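Residue numbers (our numbering), protein chains in the order written: chain A, 6 to 268; chain B, 2 to 278.
Worth flagging that the hints you see were computed from the coordinates, not collected in a lab. Values in this document were obtained by computation on a predicted structure and should not be read as measured data. Glycine is no exception: its CB is placed at the ideal position from the N, C-alpha and C atoms. Hints may contain errors.
As the list claims (entries may be wrong) - Restraint-style ranges between C-beta atoms, simulated for each label pair:
#1 B:124 to A:121: 51 to 59 Å
#2 A:253 to B:186: 51 to 59 Å
#3 B:41 to A:153: 27 to 35 Å
#4 B:90 to A:150: 32 to 40 Å
#5 A:150 to B:143: 53 to 61 Å
#6 A:152 to B:246: 38 to 46 Å
#7 B:245 to A:158: 25 to 33 Å
#8 B:199 to A:88: 48 to 56 Å
#9 A:88 to B:240: 32 to 40 Å
#10 B:186 to A:246: 41 to 49 Å
Stated by the list, open to error - Under the rule of at most 25 Å between Cα atoms (straight-line distance), these lysine to any residue pairs were calculated in the SDA-like manner:
#11 A:161 to B:124
#12 A:45 to A:235
#13 A:161 to B:180
#14 A:253 to A:147
#15 A:169 to B:82
#16 A:169 to B:127
#17 A:169 to A:180
#18 A:169 to B:91
#19 A:164 to B:129
#20 A:161 to B:123
#21 A:40 to A:13
#22 A:253 to B:108
#23 A:161 to B:77
#24 A:164 to B:192
#25 A:169 to B:151
#26 A:161 to B:90
#27 A:169 to B:153
#28 A:161 to B:230
#29 A:169 to B:108
#30 B:192 to B:251
#31 A:164 to A:185
#32 A:169 to B:74
#33 A:161 to B:109
As the list claims (entries may be wrong) - Derived contacts from chain A toward chain B, CB cut-off under 10 Å, selection only:
#34 48
#35 161
#36 163
#37 165
#38 166
#39 170
#40 173
In case you want the letters, here they are:
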Amino acid sequence: MKLDDPFVRTAAPFVVGVILVSVWEIVCRAADIPKYLFPKPSEIAVSLFTQAPMLLHALESTLLVTLEAFAISVVVGTLISFVFVQSKLLEVSLFPYAVLAQVTPIVAVAPLIIVLVKNTAISLTICATVIAIFPIISNTTIGLRSVDPGLLSYFKMNKASRLKMLLRLRIPSALPYFLAGLRISSGLALIGAVVAEFVAGTGGRSAGLAFQILQAGFQLDIPLMFASLLLIAVTGVVLYLAMVALTKALLGNWHESALTEEH
Amino acid sequence: MIETEIAIRGEAAGLECATVPVITLEGADKVFSNGMRGLDPIDLQIAPREFVSLIGPSGCGKSTLLKLFANLIEPSGGRMQWWGEDFRRVGSAGRRLAFVFQDPTLMPWARIEENVALPLDLAGVATAEIEQRVAGALEHVGLTAFRRHYPRQLSGGMRMRASIARALVTNPDLLLMDEPFGALDEFTRNKLDADLLQLSFERHLTTVFVTHSLYEAVFLSTRIIVMASQPGRVFAEFVVNEPEPRTEEFRTSARFAEQCRELSGILTQAARASGVV
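This is chain B alone, in the form it adopts within the complex (with noise of 0.2 Å):
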């Protein structure tokens, strides 16, 4: 396999041993109806409080691999497992996951609030318990303020953070987030990286985080997937070495650049072996 060309540095997280992995892949593979190839065959392990990207070139099946965790598709073979259980048996009442897409996609004729409470609207939860759990998620990502306000009030950044607090709000353990800061511009973007860091840091969270930038992925990460096209498939893994939580100052040191710059070369014999360059 491609994988050992690279070398791991460190221990892939080693808390997998003594907790059950939050996702476990055991040959899982996508091949779709028109008879493409989108995924080859892939072992993974997600650990609690693990903090994963999934990088590449596009059309690698990053998008692909996250929707397969989120159960948005199904996998054509081998086997999923949620916290242990295969994903079919554990269903809507086992632990929750959130996944939040590359647009906001917000109801544009709800209220803020009225848009981050729909996941506890939709599983019933009563008025007065929605209430506080809205309150709280709208709080943790600061936007109190504009509970009241419609969509098209907002700017992208903040339509971004109603998004997240609608992922919030249902207390997830998983976190799955599809390029969610993709079109933003980079301000917003490192803003939004930063306190995404300090809420999954926080609230214990699993995130798994499907992204373009490598910046980005080196900033979040505690665990980089790189992954390769045609077809898709995982080519590396690269843990980030660098202690949580982490801080703005992570951003502009040595150790971040020589990470990137690491990562970089990764990236690029990724895309080599895509055929891209």
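The following block holds chain A by itself, in its conformation from the complex (with noise of 0.2 Å):
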């Protein structure tokens, strides 16, 4: 069996999921588990289809916060890392503060930004771009550095002008610490996005999957959580899915970390 086929390795972790389900079905059956201890996966996917209008208009709540913190990441992060590799004074002074927005931890930060910002979706918004827009900077930062000295020494003997250096060298070669910093800044922002929810859920103000399992939380409807936070765990596969889709139509031709085929 060749693991380099797409079929074998689409169908392997397919396979064992549908094995994972029907143990997971036979056992809640077997053991006659009640389902507010621990659904089915047949209840939660009743309660999937029953609640579907309800759930999907929580994911789209949550599903629009995230993707609004994640493109105000992806740009005001690069305009930064631009910023940043201009002068490395900037970079220096204003480092230490992007590592501070990281390392505290947003479930502490939300509650604030929650209360100074009256509009919630806007709130929520802010807490997930906080810790979304780390791996941003960070990233292509390196990135725009990471320049091959030699290629550089042949743009400077050929009086290259500052423009065509950033865009003929420095941003292609940050495009593969970019695209990296895209994926874990896709699914942060999911993080960022829910855990702000579940704070501002908590204070009654939001919509939202999080504020879904908080609610079924309180009525004891155990499916109905299942079924948000599939829901959230789908949205984050679908995003890291399609990053790694931009990866490979952006680096496919040239970069180590997205040639499939053996040269």
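With the hints as a guide, bring both chains together as one complex.
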């Protein structure tokens, strides 16, 4: 069996999933576990379908916060790294604050932001952005600095302008790092959105999937809780796969990380 | 000076008096910022259409000297002229020189044709002209069929060819090469050596070539500058006695073997003078 075969690579985890879900269903049925303790997959599926309109609405709200935070992180984070690369002084002065924003647990900061910012949607987006932006800044900065010294002297020897140096050399060199940053950042944006929703949700000011989980917990509707959790997980996977596809599209021809066939 | 110990055969490129030298060094030296002495003062002229090799034990400053020629580093003292004028005044508007590094230094994200087009692109040459000149340069090095490939898809020798095409595309008068074929296997290197000779002959290039291989130096050069280290200096000059254009036959001839033997003797002396042996 060839492990490079895309069919095998898709089918193998799928088979594992089917087995796991089947065992789960069988064990729950055999042991007759009540659904308010641990629901069967079939009960989760039923909950997913019957509550679909509400769940989809919640998903939409979470997804919106995630994508907004991700987009802001990409744009602002990239701009900040360009500034950092232009001036080492600015980088050493400001980078510690980027680290500070990253290492302070968002759960601890979120209540403050939610209190300070009246509009719930905006405060959620700010929370998610605070943690999603860091990998973009750090990766892009490293990438913009990681230029092959040979190519750099070649460009300098040819009296390349700053702009051409940026467009033809620094940006392509930084691209693999930037894309790795995107993968991490997309996941963090979702985590940030969900965490912020939890915090806001305890204050009763939210929609979103995390709020659904909270509500389901209060009402002991465990299948609904699982259904919401499933949607969050699926969102994370879809985001991740989208980033993988983007990486493949942009680097597939040349970068080692995106190559599949042997040469 | 030690150079006088070695008899220099023939006239060191008789062209020198007739035309302006491509490079003139007058007492140019290099002291690095850490105070280390890279090169002792050097007086040297390189005439148009010469093929000069720099050879010597490691640490003798051959790469430093080549970088000095390219103005990748500035001399600490003395004078350097390009085409008879101070190098600072010639600037980028002057005649073109091209540098080929030890590594191909191609952009991995760009196709071969884009890589070759780079110096023209950076100089702001019109697209139509770029296309035409890139096609010509690729044709010259035999990479036309691979123009749409990415560097990683090519062998080491082909990547080096692409690097040479990138140097040729600017129509340089002076080609500076820093051990360009050092990392290649012997067959590939011999082939590229022969191709390089033909190219520099056809295109009337002046070439300065750093190498570790005395066979390569003898096969390619009209003149060989033997250097010694501690501190880096010119130890001797050796004029290769073989008319141009050279053929593969030269490589296996008795004349070639004889001159290699002679150069080998000088290199041994240079190594001894450097305290290596």
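How the hints compare with the structure:
For residue 124 of chain B and residue 121 of chain A, the Cβ-Cβ distance of about 54 Å falls inside the hinted range of 51 to 59 Å, so the restraint holds. Look at residue 253 of chain A against residue 186 of chain B: about 34 Å separates their beta carbons, and that is not inside 51 to 59 Å. At about 32 Å, the CB distance of residue 41 of chain B to residue 153 of chain A agrees with the hint of 27 to 35 Å. Between residue 90 of chain B and residue 150 of chain A the C-beta distance comes to about 34 Å, which sits within the given range of 32 to 40 Å.
Distance hint check for residue 150 of chain A and residue 143 of chain B: the Cβ-Cβ separation is about 37 Å, which falls outside the suggested range of 53 to 61 Å. Checked against the given bound of 38 to 46 Å, the beta carbons of residue 152 of chain A and residue 246 of chain B, roughly 40 Å apart, stay inside it. Taking 25 to 33 Å as the suggested C-beta distance range, the pair residue 245 of chain B and residue 158 of chain A conforms, at roughly 32 Å. The supplied range of 48 to 56 Å is met by residue 199 of chain B and residue 88 of chain A, whose beta-carbon atoms lie about 50 Å from each other.
The beta-carbon spacing between residue 88 of chain A and residue 240 of chain B, approximately 57 Å, falls outside the hinted interval of 32 to 40 Å. In this structure, residue 186 of chain B and residue 246 of chain A meet the distance hint of 41 to 49 Å, their C-beta atoms being roughly 43 Å apart. With a C-alpha separation of about 12 Å, the suggested pair residue 161 of chain A and residue 124 of chain B falls inside the 25 Å cut-off, and the hint holds. This hinted pair checks out: residue 45 of chain A and residue 235 of chain A have alpha carbons roughly 13 Å apart, not beyond 25 Å.
With a CA separation close to 20 Å, the supplied pair residue 161 of chain A and residue 180 of chain B stays within the 25 Å bound. Restraint check for residue 253 of chain A and residue 147 of chain A: satisfied, since their Cα atoms lie roughly 21 Å apart, inside the 25 Å limit. Proposed proximity of residue 169 of chain A and residue 82 of chain B is contradicted: the alpha carbons are some 29 Å apart, above 25 Å. Note on residue 169 of chain A and residue 127 of chain B: the hinted pairing holds, with a Cα-Cα distance of about 15 Å set against a maximum of 25 Å.
At most 25 Å may separate the alpha-carbon atoms for a hinted pair to count; residue 169 of chain A and residue 180 of chain A meet this at roughly 16 Å. Taking the CA atoms of residue 169 of chain A and residue 91 of chain B, the gap is near 23 Å; set against the 25 Å cutoff, the hint holds. The straight-line distance between the Cα atoms of residue 164 of chain A and residue 129 of chain B is roughly 22 Å, inside the 25 Å bound, and the hint therefore holds. Distance hint between residue 161 of chain A and residue 123 of chain B is fulfilled; the C-alpha atoms sit about 10 Å from each other, no more than 25 Å.
About 35 Å separates the Cα atoms of residue 40 of chain A and residue 13 of chain A, which puts this hinted pair outside 25 Å; it is violated. About 18 Å separates the Cα atoms of residue 253 of chain A and residue 108 of chain B, which keeps this hinted pair within 25 Å; it holds. Taken as a hint, the residue 161 of chain A and residue 77 of chain B pair is honoured in the structure, with Cα atoms around 20 Å apart against an allowance of 25 Å. Under the criterion of a C-alpha separation no larger than 25 Å, the hint pairing residue 164 of chain A with residue 192 of chain B is inconsistent with the structure, at around 32 Å.
Of the pairs offered as hints, the one joining residue 169 of chain A and residue 151 of chain B holds, with about 21 Å between alpha carbons and a cut-off of 25 Å not exceeded. Of the pairs offered as hints, the one joining residue 161 of chain A and residue 90 of chain B holds, with about 18 Å between alpha carbons and a cut-off of 25 Å not exceeded. Simply put, residue 169 of chain A and residue 153 of chain B have alpha-carbon atoms about 24 Å apart, close enough for the 25 Å limit, and the pair holds. Proposed proximity of residue 161 of chain A and residue 230 of chain B is contradicted: the alpha carbons are some 29 Å apart, above 25 Å.
Only pairs whose Cα atoms come within 25 Å are accepted, and residue 169 of chain A paired with residue 108 of chain B is accepted, the gap being roughly 14 Å. Note on residue 192 of chain B and residue 251 of chain B: the hinted pairing holds, with a Cα-Cα distance of about 14 Å set against a maximum of 25 Å. Using a Cα cut-off of 25 Å, the hinted pair residue 164 of chain A and residue 185 of chain A is violated, with the two alpha carbons roughly 31 Å apart. As the CA atoms of residue 169 of chain A and residue 74 of chain B are separated by approximately 23 Å, the hinted pair is consistent with the 25 Å bound.
A C-alpha spacing of about 18 Å is found between residue 161 of chain A and residue 109 of chain B, which places the hinted pair at or below 25 Å, so the restraint holds. With a least beta-carbon distance of about 51 Å to chain B, the hint placing residue 48 of chain A at the interface is violated under the 10 Å criterion. A hinted interface residue such as residue 161 of chain A counts as satisfied when its beta carbon comes closer than 10 Å to some beta carbon of chain B; here the least separation is about 8 Å, so the hint holds. Hint status for residue 163 of chain A relative to chain B: holds, with the closest Cβ pair at about 5 Å, below 10 Å.
For residue 165 of chain A, the suggested interface contact is upheld, since its CB lies about 5 Å from the closest CB of chain B, less than 10 Å. Taken as an interface hint, residue 166 of chain A checks out: its beta carbon lies about 8 Å from the nearest beta carbon of chain B, inside 10 Å. Annotation: interface hint on residue 170 of chain A holds; nearest CB of chain B at approximately 9 Å, less than 10 Å. The interface hint given for residue 173 of chain A holds, since its Cβ lies 7 Å from the closest Cβ of chain B, which is under the 10 Å cut-off.
Of the hints listed earlier, those the structure fails to meet are numbers 2, 5, 9, 15, 21, 24, 28, 31 and 34, in rising order.
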